[in-house]
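Protein chains in written order, with this note's numbering: chain G, 1 to 139; chain Z, 140 to 278; chain H, 279 to 417; chain W, 418 to 556.
Note that these hints are calculated values from the structure, not bench results.
All the given hints hold, so there is nothing to weed out.
Here are the simulated DSS-like cross-link-like pairs (lysine-lysine), alpha carbons at most 25 Å apart as the crow flies:
1) G:107 x G:35
2) Z:246 x W:527
3) H:385 x G:110
4) G:110 x H:388
5) Z:249 x W:527
6) G:107 x H:388
7) Z:249 x W:524
8) W:452 x W:524
Number of protein chains: 4
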Amino acid sequence: MNEAPRMSVDQLNTVLAQSAFLAPYGFSVRSCEEKQCTLIVPFSASLERPGGIVSGMTIMGAADVAMWLAIMGERGTQEQWVTTDMKTAFLRSARQENVVCVARILKLGKRTVYGTAECSNEQGQLLAHHVISYARIFE
Amino acid sequence: MNEAPRMSVDQLNTVLAQSAFLAPYGFSVRSCEEKQCTLIVPFSASLERPGGIVSGMTIMGAADVAMWLAIMGERGTQEQWVTTDMKTAFLRSARQENVVCVARILKLGKRTVYGTAECSNEQGQLLAHHVISYARIFE
Amino acid sequence: MNEAPRMSVDQLNTVLAQSAFLAPYGFSVRSCEEKQCTLIVPFSASLERPGGIVSGMTIMGAADVAMWLAIMGERGTQEQWVTTDMKTAFLRSARQENVVCVARILKLGKRTVYGTAECSNEQGQLLAHHVISYARIFE
Amino acid sequence: MNEAPRMSVDQLNTVLAQSAFLAPYGFSVRSCEEKQCTLIVPFSASLERPGGIVSGMTIMGAADVAMWLAIMGERGTQEQWVTTDMKTAFLRSARQENVVCVARILKLGKRTVYGTAECSNEQGQLLAHHVISYARIFE
Numbered sequence: 001m002n003e004a005p006r007m008s009v010d011q012l013n014t015v016l017a018q019s020a021f022l023a024p025y026g027f028s029v030r031s032c033e034e035k036q037c038t039l040i041v042p043f044s045a046s047l048e049r050p051g052g053i054v055s056g057m058t059i060m061g062a063a064d065v066a067m068w069l070a071i072m073g074e075r076g077t078q079e080q081w082v083t084t085d086m087k088t089a090f091l092r093s094a095r096q097e098n099v100v101c102v103a104r105i106l107k108l109g110k111r112t113v114y115g116t117a118e119c120s121n122e123q124g125q126l127l128a129h130h131v132i133s134y135a136r137i138f139e
Numbered sequence: 140m141n142e143a144p145r146m147s148v149d150q151l152n153t154v155l156a157q158s159a160f161l162a163p164y165g166f167s168v169r170s171c172e173e174k175q176c177t178l179i180v181p182f183s184a185s186l187e188r189p190g191g192i193v194s195g196m197t198i199m200g201a202a203d204v205a206m207w208l209a210i211m212g213e214r215g216t217q218e219q220w221v222t223t224d225m226k227t228a229f230l231r232s233a234r235q236e237n238v239v240c241v242a243r244i245l246k247l248g249k250r251t252v253y254g255t256a257e258c259s260n261e262q263g264q265l266l267a268h269h270v271i272s273y274a275r276i277f278e
Numbered sequence: 279m280n281e282a283p284r285m286s287v288d289q290l291n292t293v294l295a296q297s298a299f300l301a302p303y304g305f306s307v308r309s310c311e312e313k314q315c316t317l318i319v320p321f322s323a324s325l326e327r328p329g330g331i332v333s334g335m336t337i338m339g340a341a342d343v344a345m346w347l348a349i350m351g352e353r354g355t356q357e358q359w360v361t362t363d364m365k366t367a368f369l370r371s372a373r374q375e376n377v378v379c380v381a382r383i384l385k386l387g388k389r390t391v392y393g394t395a396e397c398s399n400e401q402g403q404l405l406a407h408h409v410i411s412y413a414r415i416f417e
Numbered sequence: 418m419n420e421a422p423r424m425s426v427d428q429l430n431t432v433l434a435q436s437a438f439l440a441p442y443g444f445s446v447r448s449c450e451e452k453q454c455t456l457i458v459p460f461s462a463s464l465e466r467p468g469g470i471v472s473g474m475t476i477m478g479a480a481d482v483a484m485w486l487a488i489m490g491e492r493g494t495q496e497q498w499v500t501t502d503m504k505t506a507f508l509r510s511a512r513q514e515n516v517v518c519v520a521r522i523l524k525l526g527k528r529t530v531y532g533t534a535e536c537s538n539e540q541g542q543l544l545a546h547h548v549i550s551y552a553r554i555f556e
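This is chain G alone, in the form it adopts within the complex (with noise of 0.2 Å):
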């Protein structure tokens, strides 16, 4: 499992550029190392639900993607992964700042893999933590 090239920081903003639906969210990669990937999501205003909160849907998005890059990270572009499953525990509201999501692969298959994200404020406060299950789709 170790033939699948690894990816740049660049090649996989390159990823996130050219994905449209991701357009709203401005996500950015920070970081990708071994089975991890860390993600920004700048603050917009844009993205706040009534309250003045980061929106439930960016946080998760922002991890469900993150995730997806960590894959992508360790296995290329060629193969196609998918979300099979995804709990998301909120447990402090964004307001007005960035979120830094950090995406960590606990285990790789041949087929499936499941790991955590954190969402964090730049301040290191945990907003929200997360499990996620993606498996390959074979064509």
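Given the coordinates of chain G, assemble chains Z, H and W onto it according to the supplied hints.
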């Protein structure tokens, strides 16, 4: 707990129209019954992720919003409720089709709400199943 | 997928009686319908955790077993199915009372099953809600 | 929140010994550090489910109890805490081997606790991953 005004479909659609963070999705409320709300996600190529599948973010967001509106339907707009926990099982991909999301409240407490949401296509095939917890914010 | 023998309540209770790891719990099958199984957890002081509450372990175990039997009811005893994922929301404590657990299959695939389970007391009050995934083991 | 007495491994094992509902499992505490507790599930044929696998019930129970003790280690025995939500991903089967369960508190609030637990075998292979929420009961 029967004092809160029950809201009409038109009123809930007005809430959606005033929520800027939901603008990219085009959600609309189809119906609202006791402890239940049905939301429509109209197909849009801008919501597809690579592989021609409606993005998980869109599906999760629809379920989260449908539950938010189901609570609003019971409790009105004065109280502030936020998602505390949400789990999604992705069972089948949505491809170039509308998504119909039905949220149902199973437990309606003073401080917490728990319920399920089901996303299906217009043929009634189950696409995703969600369990969602909300908590009331007391300021 | 209609070739598997549908099993009777008596046959499912025989499976329970032969499962030594379940002996401490006294589970019994009340009914088994299409894609659905109802399990009874008779009250026993030995299942209480401190505080006089039926233990979470007992509640989770009942749901897991009810789904296992619901699958067996559809697919027979020759196939081996194991739990891959399970989430429980504890909504109300059970106190010195029987627990009735109903498992329902929402998606019955060749390799995976997804469904819900609800644990209630005999008055029909919802105690816990579960979502459960099983996978078939191919040896 | 530093006023609660920190409990010793011996004291936590005494709590286990006095919990009749856990008698079938033989759990013991190996260590207890800040916001963390490690529990051992000794292998016993009586905990196997059909197929020669340690039952999911045992694995889930171990994680639930390990978190309960981790909270007790921080907060003492006077407060009553109950599980409100728990999700388990079963990643690998345990076969005729001890299970080591490490629970870690990620958020320690006055009313709620959130954390993870990992069940591994003695070789360090991850068997199951859990996320767990507890709430304090105020009587």
